[in-house]
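This is what each chain is made of:
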Amino acid sequence: MAPVETPDEWDAAARQVEDWLRAVGVGSQQRCLELTLAILKEAREAQGRQEPIAIAMETAFRKFEGWAKSVFPEAAAERAALQALVALHGTQPDRRQLAMVLEKTCPSDFSEQLSKFRIDASPEIRLSKMTARKMKYGPIEAIAQETWHRFAWAPLFQALVIWTAIFLILLRWLAPKAPL
Amino acid sequence: MKPGVLFEKITAETVGFRRASFFGAILASTGLGVWFLARAFSREGFSGLEVAQLILFAFLLHQIVTGFWLAVLGGWTQLFPGKEIRMGWTGAVLPAAIPPARTALVLPMYNEDSGPIFAMAETLWSDLQATGRGDEFDIFFLSDSNRPENWIAEEWGWFDLCRRTGGWSRIHYRKRRSPRHGKSGNLADFCRRWGAHYRYMVTLDADSIMTAGLITRLVSMMESAPRVGIIQTLPYQVFGRTLFRRIQQFSVRLYAPVFAAGANYWHLFAGNFWGHNAILRVAPFIQFCDLPELPEPSTDRRHILSHDTIEAALMRKAGYDVWLAYGEEGSYETAPPNLADHLVRERRWCRGNLQHFWFLFAPGIDFANRFHIWTGLMAYLAAPLWLAFLVCGAFDSFFKHHLSLLSSGVGGMASSTGRAYAILFFATLGLLLLPKLIGLWSARRRMNQMGGWLRTMGSVVCETLAWSAWAPSMMLYNSLFVMEELLGKRVGWAPQNRTEAQAPSLFFMLRRFWLPVAAAVLAGFLMAKYIPHQLGVLSPILVAWLATPWLAWLTAQPAAGEWARRIGLFLIPEEIESHLNREIRGYLHRVDQAGRGSICRKSEITRLVRDPALNALHISLLRVRRMVSEKTRQHLVPLREKALERNPAALSQAEWMDLLTDPDSCLWLHRQFWKRPTGKIHSWWREGEWPAVS
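Those sequence lines, one after another, are chains A and B. Mapping of the first sequence onto my numbering: residues 1 to 180, in sequence order. Mapping of the second sequence onto my numbering: residues 1 to 694, in sequence order.
Some hints could be false.
Listing some non-contacts, in silico: residues in chain B with all C-beta distances to chain A over 10 Å [to be verified]: (1) I286; (2) K642; (3) L644.
Restricting the straight-line Cα-Cα distance to at most 30 Å, the calculated cross-link-like pairs of lysine-lysine (DSSO-like) are [unchecked claim]: (4) K134(A) with K317(B); (5) K317(B) with K136(A); (6) K129(A) with K680(B); (7) K134(A) with K489(B); (8) K317(B) with K63(A).
What the hints contain is simulated information worked out from the structure, not anything from laboratory work. Yeah, the Cβ is synthetic: ideal placement off N, Cα and C, and Gly gets one too.
Given these sequences and hints, build the entire structure.
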């Protein structure tokens, strides 16, 4: 059985869709409202077991993917939507062009402007061989290696501790108790 | 050399004479000081402690003497500017190179606040275009950031910069997934992938500022001198608002030119590299300067952290020159905003410099580079040596005091040694203060740009007092850092805080600087009990230790810095308008204004999830995954749910990085955020403020 939705839920869905469209950067307030109503209408018709907000947003995503696919026909729908979103913000279209977002037919100049937009975060790779040369560190390396690998530190520390203790005891014992 | 570079030819005699003068002066002065102390000690025969003091004194004095002679030679060079041999540009206009020399401006980033970085890059980019040589340059932001909020801010910053400047395909952003070998690994990664496109590379730090004019001049210098591998500029510090920063930037502005001129006097073409604000010839850098591994037993200590000095040594080993272009204006950086952050940097640099020890005796390293390495080592080893010298002195005094009670003849010896100490103390003071006077003298023509004679003199007195007050604590902490390093304590390469927006509280400083206070109390007690007659002599050190937290707190305040600026203390030429620096002032002002108030917050993650454009950009910049393993999926799916439904701050930084490196998870988070009603998503996602960890 389909869940019983309330008008409040559809109001919330409308607000959500409108907010998302505005975040996408779809033209004017009027254009946002028009698109919101169209999306909600479609969502109501397609409503299944999902909540209104989910189905409305699904519809909005699908519509945007469909529009993006018309601009980037070679890309998969999801990828096309991502490319379109980046291109919309990268090319900084004017208000007239923005009003064409999610229209059934995108003007060819706008479509070309968007489809030509590429974000190349880095240029073409031209590999160079950069490898460290073997470094000889001289006698100090030999001494260090011998110290680390052959030298036993524990007896040295033990001897140091014992002799320091003996020295301090003698110092205490031999020091005059009062000025002579 | 082709025309354009300031010098024509350097003869072997010139190099020999200069080096002999410099090192001869150091040896003679150190020898004189040691002989004087030895003579004082030897009146009653040497004790073991005296021998130890003598050896320590030799090391400490040679360091002070080196600084003194650098300043003297720097002053000498400026007294006879006609005889100066330095890397610089004559101002000649060269015909354009065919093909034009392409230069990459590379900017490694590591969890830094990216706002000021992009602001600087935008200003630099537009100025480079205005020079008419803009086509020769590309910018690379090379990120190793592992905090999600920094990563996201960098991506959007780069995108926004390209959008505003139209620098698509010329301004690049690269985020390494695994930040292997830190900054040097990041640069090496750039060289391996894209180095072949470029003849030169200008390395910049996150806080570096270089003017377009200077960068084009550096390229011209490199073009004119094909034997030169690296030209290092002398960066001055700017934008200081806290008192600590203002004191530092004033000191650097006043004294650095003299010391740099002195250093250039002896090393000439065998200079050092400081890792940033420099231009490098890419081909030899790729061929010869990849860092070798250190022969350490533990694998995680084999990588060289502080790469610059070693890269200069390797460049010299390969037969290329390294110059310090200290006379070229237009190179800037910022300093740590307070003593606590200064010590964070010191901790990193300490490890880096101590690692260079391995190269001190390595065959094939140029003598000049060995001296650079030695100077870097001594910058940190001097601290424990000074501490040991003080402790030896205290013990010596204790024993002599006891002996003097046993022998009637000791009083005379003690007093003559005391006289020798006094003479040496004042001589050392002279060696420390004379370079300041030379710095003042050499800046005589710039006095009006630093607030006039009276204010500059006042600033010199205040900064001398301030450094004297900080020095004992720095000695204590640097000794600790050296000990930690020798004991093999692991130290990470923490990002440098450069923001002055939030001054640390007094409570924070008291917690941070408990060690000097504890040291003062303990040393004071022991001295009062065992060597009360020395308490007066050593009391300045005890007072400085006790005052450290308060002084650190006071100097961390932007209000204190602003007050000093208002009364005309610690002014630098870049802060005072004159016809000489209008262009640079304007440039710095634009960078400063654009970068202000930009703080990277956790809420960048909210933006990524909410904002369709940012989300799409982030996913587009991720590497496309061909297949996600079942194990990875099982790790990511619960994390996504946890992030949306429960407190998102409960996810660790690593978990967030896992989610944000997965394109499916990023898209899922975005779509679920928009699809879920308010009750099925944590309220924080709507409110946008990062919640407390539950």
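The hints, checked one at a time:
At roughly 5 Å from the closest C-beta of chain A, the C-beta of I286(B) falls inside 10 Å, breaking its exclusion from the interface. The Cβ of K642(B) lies farther than 10 Å from every Cβ of chain A, with a closest approach of about 20 Å, so its non-interface assignment holds. No Cβ of chain A approaches the Cβ of L644(B) within 10 Å, the least distance being about 13 Å, so the stated non-interface status holds. Between K134(A) and K317(B), the direct Cα distance comes to roughly 13 Å. Compliance with the 30 Å bound is thereby established for this hinted pair.
Proximity of K317(B) to K136(A) is assessed by CA-CA distance (about 13 Å); at most 30 Å being required, the pair is judged to hold. Only pairs whose Cα atoms come within 30 Å are accepted, and K129(A) paired with K680(B) is rejected, the gap being roughly 53 Å. Under the criterion of a C-alpha separation no larger than 30 Å, the hint pairing K134(A) with K489(B) is consistent with the structure, at around 27 Å. The suggested pairing of K317(B) with K63(A) is violated, with an alpha-carbon distance near 63 Å, which exceeds 30 Å.
Consistency with the previously given hints fails for numbers 1, 6, 8, ordered from lowest to highest.
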